[in-house]
Structure formats: C-alpha cells, structure tokens
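Asks: The listed protein sequences correspond, in order, to chains R and B. Anchor point for the first sequence: position 209 equals 209 in my numbering, and the numbering is continuous, going up by one each time. Anchor point for the second sequence: position 270 equals 270 in my numbering, and the numbering is continuous, going up by one each time.
Derived by calculation from the structure, the hints in this document are not laboratory data. Keep in mind that a hint or two might mislead.
[Unchecked claim] Sample of chain B residues facing chain R (criterion: CB under 8 angstroms; computed from the structure): (1) F193; (2) K197; (3) P202; (4) T282; (5) N286; (6) F288; (7) D291.
Treat the numbers as computed from the prediction; the structure is a model and nothing was measured. By construction, the Cβ of each residue, glycine as well, lies at the ideal position given by its N, Cα and C atoms.
Number of protein chains: 2
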Amino acid sequence: MTTRILVIGAGRSTISLIDYLLKNASSYNWFITVTDADVNLALAKTKGYLNCEAKTFNVSNEIDRKSFIQSHDIVVSMLPAFLHAEVAKDCVALGKHLFTASYVSPEMKELNKEAQSKGVLLMNEIGLDPGIDHASAMKIINQLKDKGAKITSFKSYCGGLVAPEYNDNLWGYKFSWNPRNVVVAGQSTAQYFQNGKLKFIPYNRLFTQIDTILIDGYGSFDAYANRDSISYQEPYGLKDIQTLLRGTLRMPGYCEAWNVFVKLGLTDDTYKIHQADSMTYTQLINSFLLDEKNSVRDRLRAFMGKDYNDAIEMKLDYLELFSDKKIKLNEGTPAQLLQDLLEEKWKLKHNDKDMIVMQHLFEYELNGKTHKLTSSLVVKGDDEDYTAMAKTVGLPLAITLKNFLTGKFKLSGVQIPIVKEIYDPLIKELEQLGIKFVEKEN
Amino acid sequence: MTTRILVIGAGRSTISLIDYLLKNASSYNWFITVTDADVNLALAKTKGYLNCEAKTFNVSNEIDRKSFIQSHDIVVSMLPAFLHAEVAKDCVALGKHLFTASYVSPEMKELNKEAQSKGVLLMNEIGLDPGIDHASAMKIINQLKDKGAKITSFKSYCGGLVAPEYNDNLWGYKFSWNPRNVVVAGQSTAQYFQNGKLKFIPYNRLFTQIDTILIDGYGSFDAYANRDSISYQEPYGLKDIQTLLRGTLRMPGYCEAWNVFVKLGLTDDTYKIHQADSMTYTQLINSFLLDEKNSVRDRLRAFMGKDYNDAIEMKLDYLELFSDKKIKLNEGTPAQLLQDLLEEKWKLKHNDKDMIVMQHLFEYELNGKTHKLTSSLVVKGDDEDYTAMAKTVGLPLAITLKNFLTGKFKLSGVQIPIVKEIYDPLIKELEQLGIKFVEKEN
Numbered sequence: 001m002t003t004r005i006l007v008i009g010a011g012r013s014t015i016s017l018i019d020y021l022l023k024n025a026s027s028y029n030w031f032i033t034v035t036d037a038d039v040n041l042a043l044a045k046t047k048g049y050l051n052c053e054a055k056t057f058n059v060s061n062e063i064d065r066k067s068f069i070q071s072h073d074i075v076v077s078m079l080p081a082f083l084h085a086e087v088a089k090d091c092v093a094l095g096k097h098l099f100t101a102s103y104v105s106p107e108m109k110e111l112n113k114e115a116q117s118k119g120v121l122l123m124n125e126i127g128l129d130p131g132i133d134h135a136s137a138m139k140i141i142n143q144l145k146d147k148g149a150k151i152t153s154f155k156s157y158c159g160g161l162v163a164p165e166y167n168d169n170l171w172g173y174k175f176s177w178n179p180r181n182v183v184v185a186g187q188s189t190a191q192y193f194q195n196g197k198l199k200f201i202p203y204n205r206l207f208t209q210i211d212t213i214l215i216d217g218y219g220s221f222d223a224y225a226n227r228d229s230i231s232y233q234e235p236y237g238l239k240d241i242q243t244l245l246r247g248t249l250r251m252p253g254y255c256e257a258w259n260v261f262v263k264l265g266l267t268d269d270t271y272k273i274h275q276a277d278s279m280t281y282t283q284l285i286n287s288f289l290l291d292e293k294n295s296v297r298d299r300l301r302a303f304m305g306k307d308y309n310d311a312i313e314m315k316l317d318y319l320e321l322f323s324d325k326k327i328k329l330n331e332g333t334p335a336q337l338l339q340d341l342l343e344e345k346w347k348l349k350h351n352d353k354d355m356i357v358m359q360h361l362f363e364y365e366l367n368g369k370t371h372k373l374t375s376s377l378v379v380k381g382d383d384e385d386y387t388a389m390a391k392t393v394g395l396p397l398a399i400t401l402k403n404f405l406t407g408k409f410k411l412s413g414v415q416i417p418i419v420k421e422i423y424d425p426l427i428k429e430l431e432q433l434g435i436k437f438v439e440k441e442n
Numbered sequence: 001m002t003t004r005i006l007v008i009g010a011g012r013s014t015i016s017l018i019d020y021l022l023k024n025a026s027s028y029n030w031f032i033t034v035t036d037a038d039v040n041l042a043l044a045k046t047k048g049y050l051n052c053e054a055k056t057f058n059v060s061n062e063i064d065r066k067s068f069i070q071s072h073d074i075v076v077s078m079l080p081a082f083l084h085a086e087v088a089k090d091c092v093a094l095g096k097h098l099f100t101a102s103y104v105s106p107e108m109k110e111l112n113k114e115a116q117s118k119g120v121l122l123m124n125e126i127g128l129d130p131g132i133d134h135a136s137a138m139k140i141i142n143q144l145k146d147k148g149a150k151i152t153s154f155k156s157y158c159g160g161l162v163a164p165e166y167n168d169n170l171w172g173y174k175f176s177w178n179p180r181n182v183v184v185a186g187q188s189t190a191q192y193f194q195n196g197k198l199k200f201i202p203y204n205r206l207f208t209q210i211d212t213i214l215i216d217g218y219g220s221f222d223a224y225a226n227r228d229s230i231s232y233q234e235p236y237g238l239k240d241i242q243t244l245l246r247g248t249l250r251m252p253g254y255c256e257a258w259n260v261f262v263k264l265g266l267t268d269d270t271y272k273i274h275q276a277d278s279m280t281y282t283q284l285i286n287s288f289l290l291d292e293k294n295s296v297r298d299r300l301r302a303f304m305g306k307d308y309n310d311a312i313e314m315k316l317d318y319l320e321l322f323s324d325k326k327i328k329l330n331e332g333t334p335a336q337l338l339q340d341l342l343e344e345k346w347k348l349k350h351n352d353k354d355m356i357v358m359q360h361l362f363e364y365e366l367n368g369k370t371h372k373l374t375s376s377l378v379v380k381g382d383d384e385d386y387t388a389m390a391k392t393v394g395l396p397l398a399i400t401l402k403n404f405l406t407g408k409f410k411l412s413g414v415q416i417p418i419v420k421e422i423y424d425p426l427i428k429e430l431e432q433l434g435i436k437f438v439e440k441e442n
C-alpha cells in the first residue's frame, strides 16, 4: 500500500529533505505532496520527479489544513516554528505522525499523552541543531557510560557559516538560513552549568562572554552561549555533570562587533519605528546615543568604551553605517531595519558555498584518570541551493522518517533523537552521505 | 431611576474610589455592587454603607462576567490591566459604559468604532499616571495655545514614593501599589523626542540615563524615562514639539542602585529558576557573575565598574544581599525572587504615609521670548490604607464617572481625559479635595 507523505513548507532549507524523499519514493512506495504558501516553490522542488504533486493551501485555514492532513499518513512540517502547534494538534486528532526540525514547544509537550495513547509519533528537533547535535552527542555519551566513564563536562557548539574560501566580507558571515533568526538570535537569557554552579547570561552581555573553539584545519571560532542548556541535563542523562553548555559558533571577531548592535538596542524587535525611510542608518544609530556635538562615529566609540576597537569600526563601515545610506523600509522594528541592511550585505552569492561546523567537547573520568574527547563535524555546501545548511537540516529528518516508515524504530508521543534506535542508523547513513564526525582523544 | 454601578476589583488602590462612590450614592440615586475575587475585600470596603452590596465572581468565567455586567448600567474595572480586554468586549456587546485607570491597550483601541456606533463610553487612563497627568497637562497646553504660545518642550514626571518623614530605609522607597509593577518597571525601550530628534533608551541602560527634578520644599528626585512618550504627541496636539518626555520619579540614589539589578539580570521575568529555595540571594547574584576566586561582593564591584560606589553597596547590604539570606520561594523568575525580598524590606508599615509627586515642565515661545513654566503636585497619604496612591488613582475615576452620569460631558468610544469637558470639572473638584498643582513661571 502506498504511504502518503505531506510536506508543509518548501522554503530554502527544504531542498535536500524533499530530494531525499522523492528519490526514495518509488523504492518505498511513497506518494509525496509538497505544499507551500507559494506554489512555485513546491513546483520547483518537485519538478522532474514521479510519485509526487505540488500543491498550495492556507495553513491558517483550519478546514483546508485538516483536509490536507486527513488525506495523508504522515506529515513533515517545515513551517516557521510558531506555526507547528496547530498542525500538531490536528495530527494528533486525526491520528497522523508528524516530523519537525524545530525545538519542542510547550504546546507540543502538552500533546505528549494524547499522542502516546493514540500511537501517534511527534518527532521533533530532527534537523541540524537541534538534531544532529542530539544524535551525535548521545552516541558518545552512551558509549562513555557503557565503558563506565563519569562525564564531568559537556560543551556542544554549532554554527552555520560561509565556507572560508567564499568569505569575502569583514564579518565572515553570510545568510544560509532565515536572516531573521540570526538578527534576533539569543534574545533570551542563556542558562548553563559551570563547575557545578548555575549560570545565567542576560542577552545584553551575551556577545561579550565568548568562548574560543578550535577545529583542526579550520582554525578558531567565537562561541556564544545558546538558550537553556540546563534543560538538556535530564534527557541527555547527565545527572552528575559539572559543566553543561550549548553554544553557537561565529567567525572570530563577529561577536564583539555584533555586541555593538545589542548594546545600542538595534536588535530590539518589540516596537516599530515609523517613517523610518526618512532616516539614514547613521541617524538611526544616533537615536540610541546621547545627544552631543561630536560625530556619531565618535560618540559610538565613547559609548562602547573598552568594548570597541578599530576592527569593530571597520565591520560597521563595511555595512555603511556611518555613510548617508538611507533606510529603505517605511516602518519596522530596529531588528527589521537592521535585517534589511544585512540581507543586502551578507547575501550568499551565486556559486558561494556555506559551511556548518559542530563540535562536542567532553571531559570524563575513567579508571581514576581524567580524559578529554573532542568530536567535530564540518560540512560544506555544494552550491547556493544545496547548502550545507539544507543538507544537515533536511537529511536527518528525511532519513529518520524513512527509518520510522521501514520499522527501524517504533515510538509514539513527543520524541527527540536521543535514543539508540533513532541515532544509530541515522549517524551511519549520514556518514555514507559524507556527514561524518572526527573524534579526537586528548 | 437608580443607576447601577458595578465595581470589579476591590484591592489596595480602590479604597478612595469606592468611598467616593458610596458617599455619593444616595444623592445621585446610585446602587453600587462591589466585587472582588476575595469577597472579604469587597465586604470590608462596603461595610457601613447603604445602597450597595459586596459580591464575588470569577471574572474569567464568561457566563458569570456577562451576567454581572448585564445587570448594571456602568462598569468600573480595577482589575490588573491584562484582564480589561474581556470586560471591555462584554461592555460593548451589552451596551454598558466602562471606566478604567489603565493605559489604552491595542485590544481596547480595536473596540473604538463599535463602542462609538453603540454610544458606549470606554473611559481609560483616568487614574493618577495615566490620568491626572493628562488632565493637568492638557489644561496648561490649551491655556498656552489660547495665548498664542508655541510650546517647544514638555517633560512630565510622576512617582509614587514614601513620604520623607516616614522614609527610614536607604532606598527611600516603600510599596504603595502593586510591587510587581515596580520590579518589572520600564521593561520596554523608552521612546521620546529630544531637541527635535527621535531618541531610544533600551531597558538595560534605562536607569543610567537619569534626569534630576527639583520640587520646592521637597528637594531633588531622580527621573528615568517612561515607556513611549512619542505616542502622546498627537493626542496632546503638540505637532511642533522639539522635546517630549514622560518619566518616573524616585528618591535620589535609587536609580543607580536599581541599575545593579537590571545590569545583573535580576529583574528578568522570562524564565523560572527551580529549587530556588536551595540558594541564598548571594548565590543567586553569583549565577549572573563570571566564576572567579574572590567574593561575590568584590566581583559585583568589578562587574559594575564605574557604575558602582559605596552608597550603592550600602543599599544592597540593606537588602542583605551579601549575607547568607535564603530565598524563600521554591521557584520563580529572577524578578519574582527579587520581589519577594523587596516586599519584606520595602513594606509600607502601619502609620507610614506615602507620597505622590508629579511635575510638568514646559518651555514655550510667546511674543518672541522664551518662557519656562513648572507645574507641581505633591499629595501625601492619610495612613497606610488611605494612601496618596489610592486617593490620586481612585478619585479622578470616581469624579469623572459622576460627571459623566450627571451629564457634564457626553462622549462615546475609547477616551482618555484630554478634553476640556472632562479635565476642567475634574481638576476643580480635585483642588477642593486638596489635590492641587502649584504653577511657577521662571
């Protein structure tokens, strides 16, 4: 019997996911409906393939949404995270499995019991970060535990960057995924454990408390702390852990420069500025500084004090922030106005390749000795469509969906990829596809 | 015919409001139903009065709420601001007028057209701040305009404080209203005009950009910028204004000390700390500091840098923040844990009197000359129940409700007290009750 798969959302990071499903459709007797608010995106992704169709529907329309879900066996939601909840509720009500690459939201968590009782799987966090990070970390954690090791420290970092050979801007950054997520990144207090103590970093100093990470062959990276690391202590089974931190990687120097935007208030997304297009970006910066006679450039330097240097100023000049560059949007939050500028300056150009970097750092005790273990992953994109981001977000979901449909694991309720039945076959197949961690004891 | 008035909420700041209504009930043929989630609060406030009853109902229960509103002619909502929206919707649907002392919310604004078409008045911002500030400012603005003056600068400040003769703590602050509002005060970017330029102050430096205000006979006060001042340009009719700022007053030295909490992250209300009662307040502060060997006291001083001094440290010591004082709450946001401590330390004691202070500062041009005008109000409480806060929040609402019911003005839709028919009789009666501004040209 044909299994009918519904993919909702066919945007930028879905190309590898949809390709994988379509390439495997005839072997496994799948029929795949690819949908997007923009039908052209769905058409482009399905072009040349059999066993599929491209459709469009309004996901906010309850009747449409339910009817699409009802006529399929399993749903993949690649929608923005805040739209998953309604889809998930319908899936549970209609007895359909759901896969997403997003963090488990409180609304998703609430569906756990009902999904379990109905035998419905709500598979989440099965992309890159969250996704590959969970799977690869849990594999090492369980191997160390099996050896009898006591894990005392676990730090895990990930970043979506531009490949060094295509890095032609002073920030070392280009957008390989949703620009908005980059601009508002980290806007909650980071929580983690350090040497057995609870630690918090409020957003306004997140980009000043930076770790430095080294990846062999790629040099060093800045890392800033990412969201709530503490919440992973229990699912990861790290009861006695002293240090537990998840972080995000950027090229060296990015964080100290981004800190200028955070300190000024330019990443604020809570209020709109009207008639913004009557202002220049320099005037926008001036709005956040005390009024004095000297130039915005000088006042910004004074305002930032010790957190400023010439390298930062060059990055701001690269964005034309001290020129008379006009704001284009008529209205927007400071974050939206900043994003509009960055989308122009940090565009991943034709033939550019992106790169994702992940590193886990473990410290553990075994037979009375202290050990360190590093596991690192670097993936580069093929081109500006088949990005490293699209591959590493899409393939884990597609592979795990295949493994579920072919009976490699049987689970229900809200799940993330931290159990062996999920991560073992996933990691094996990713390795065959060139997505392979390198381990190093030191 | 009897007019039936429903008062929802009989908490701390409602005593003067309810007294005024009850004292006038027989003269104007009113019957007043005072309700609260805690019926004892309603009973206490109505005790000894005729023409009234005390009731309780669950305001979240739609059927109860509608039935209470349906059986009255006019509603006063003294609920926390976020609960007004449902009450307002019911009032419009059932054709009942509504009075609140809270800011006009976006949900309230949306009801404007329907309320107008039904002849329903939704009177908001008719307390102290917002309330008396609007009325008293508009009276001066219109007088100056009538003289042909061009107003170039308007700053308006208000604070609810402890009266100096009852000030026995280092912060010069005691709670005369909802402590939560004090702890999370200012958690949005302040927006104002300065010398014709748009200015923003993000929350994380709100308490460092301080004005100093002088009130004759009371000395100087700290003032920090309050919310979105720009949004009052249009309703106040201040088209050509160069400087427009609303601010909140505190005793001198309060802001620089409160800044420590803001900078650390102790006023964050977005995430919960679990098993908080296993920590001391010193350990809580330590969670926000980098881990090094020296004491929390020393590291906090280093962390704050130039924004610290001995007077600030004494204020923190007054709160026992460097002692081994245990946190009492089992879980809570940093803001809730801080509030719990402050409620103990900043309690308005029996026989203590509070004080509210308001000052408007105008600059205007008339006949080619520049003028300054200051209008100041100081009100002290009678005791810990009949506080200055209760009087100045409750009386404007009660008086304006009476003026509306006796036909002194006829308006519908969403209103705030900026029109002459409302503010003129209001200010006159407040003066008779001892709530009187002092004007000074300088």
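Asks: The structure should be examined with respect to each hint, and the outcome stated for every one.
Replies: We went through each hint and held it up to the structure:
The beta carbon of B:F193 is not positioned within 8 angstroms of any beta carbon in chain R (closest approach about 10 angstroms), and the interface hint is therefore violated. At its closest, the beta carbon of B:K197 sits 6 angstroms from a beta carbon of chain R; the interface hint therefore holds under the 8 angstroms criterion. The closest approach between the C-beta of B:P202 and any C-beta of chain R is roughly 4 angstroms, which is under the 8 angstroms cut-off, so the hint is satisfied. Given hint, B:T282 at the interface with chain R, is violated; its Cβ is 12 angstroms from that chain's nearest Cβ, farther than 8 angstroms.
Interface restraint check: B:N286 against chain R, minimum CB-CB distance 7 angstroms, threshold 8 angstroms, status holds. A distance limit of 8 angstroms between C-beta atoms decides the matter here; for B:F288 the minimum to chain R is near 5 angstroms, and the interface restraint holds. Evaluation of the B:D291 hint against chain R yields a held restraint, the C-beta minimum of about 6 angstroms falling below 8 angstroms.
Violated hints, in rising order: 1, 4; the structure is consistent with all others.
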